[in-house]
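Given the sequences, and given the hints that come with them, work out the whole structure.
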Amino acid sequence: MAFLAGCGGAGANGDEDGNGDRDGDEPTAPAAPSGLEGTSLDGAVELTWEAVEEAEEYDVYRDTESGVDASGEPLVEGRSETGYTDDSAENGTTYYYVVTAVGAEGNESDPSGEVEKTPFDEPPSRPE
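24 is the number that the working numbering gives to position 24 of the sequence shown; each next residue is one higher, with no gaps.
If you're looking for bench data, these hints aren't it; they were derived computationally from the structure.
Careful: at least some of the hints might be erroneous.
[As the list claims (entries may be wrong)] Computed Cβ-Cβ distance ranges for the label pairs, DEER-style:
1. Ser80 - Pro127: 37 to 47 angstroms
2. Pro27 - Gly92: 23 to 33 angstroms
3. Pro127 - Thr64: 12 to 22 angstroms
4. Thr64 - Asp42: 13 to 23 angstroms
5. Ser34 - Gly106: 14 to 24 angstroms
6. Gly35 - Ala104: 18 to 28 angstroms
7. Gly106 - Pro127: 52 to 62 angstroms
8. Pro127 - Glu56: 49 to 59 angstroms
9. Glu53 - Asp121: 32 to 42 angstroms
10. Gly78 - Thr28: 13 to 23 angstroms
11. Thr64 - Asn107: 21 to 31 angstroms
12. Asn91 - Glu54: 30 to 40 angstroms
13. Ser34 - Thr85: 15 to 25 angstroms
14. Thr48 - Phe120: 14 to 24 angstroms
Being a predicted model, the structure only gives us computed values, none of them experimental.
For every residue, glycine included, the Cβ atom is placed at its ideal position computed from N, Cα and C.
Given below as structure tokens:
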């Protein structure tokens, strides 16, 4: 029985370089967005985050409980900008938001850190 060492070709699992990864099977997801910040407004929440170099677009997720599930239906998807104003938010309700980056192949990043915001009514003006 003969064994050939270093003869090249694919590794045991089909990868070309023998490192254990199946090269080219699945594109790498972009990095998770960072720097997510929110501003509470009257009947809205304004969100901003830092751009991710590999991202083609961003999806925004919202829940009324902490631990937003970014595998569900996004509040908004396909944003090319690094900001979004949620004008469907109701005053007095606390919302939790996360953002994901989506690459050219449609692969989605892990979610950003979560931000908590509660829209508010404008306070009454002071008597003059």
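Hint check:
The supplied range of 37 to 47 angstroms is met by Ser80 and Pro127, whose beta-carbon atoms lie about 46 angstroms from each other. Remark: the range hint 23 to 33 angstroms for Pro27 to Gly92 is contradicted by a beta-carbon distance near 42 angstroms. Distance hint check for Pro127 and Thr64: the Cβ-Cβ separation is about 36 angstroms, which falls outside the suggested range of 12 to 22 angstroms. At roughly 19 angstroms, the beta-carbon separation of Thr64 and Asp42 lies within the given 13 to 23 angstroms, and the hint holds.
Roughly 21 angstroms separates the CB atoms of Ser34 and Gly106, a value that falls within the hinted 14 to 24 angstroms. Separation of Gly35 from Ala104 is about 22 angstroms and conforms to the stated range, judged on CB atoms against 18 to 28 angstroms. Distance hint for Gly106 and Pro127: a CB-CB separation of about 56 angstroms, consistent with the stated range 52 to 62 angstroms. Between Pro127 and Glu56, the C-beta spacing of about 52 angstroms keeps the proposed range 49 to 59 angstroms intact.
Checked against the given bound of 32 to 42 angstroms, the beta carbons of Glu53 and Asp121, roughly 39 angstroms apart, stay inside it. For the hinted restraint 13 to 23 angstroms between Gly78 and Thr28, the CB-CB distance of approximately 20 angstroms keeps it satisfied. Separation of Thr64 from Asn107 is about 28 angstroms and conforms to the stated range, judged on CB atoms against 21 to 31 angstroms. Evaluation of the 30 to 40 angstroms hint for Asn91 and Glu54 yields a pass: the beta carbon distance comes to about 37 angstroms.
In this structure the hint that Ser34 and Thr85 lie 15 to 25 angstroms apart at CB holds, the actual value being about 20 angstroms. In this structure, Thr48 and Phe120 meet the distance hint of 14 to 24 angstroms, their C-beta atoms being roughly 19 angstroms apart.
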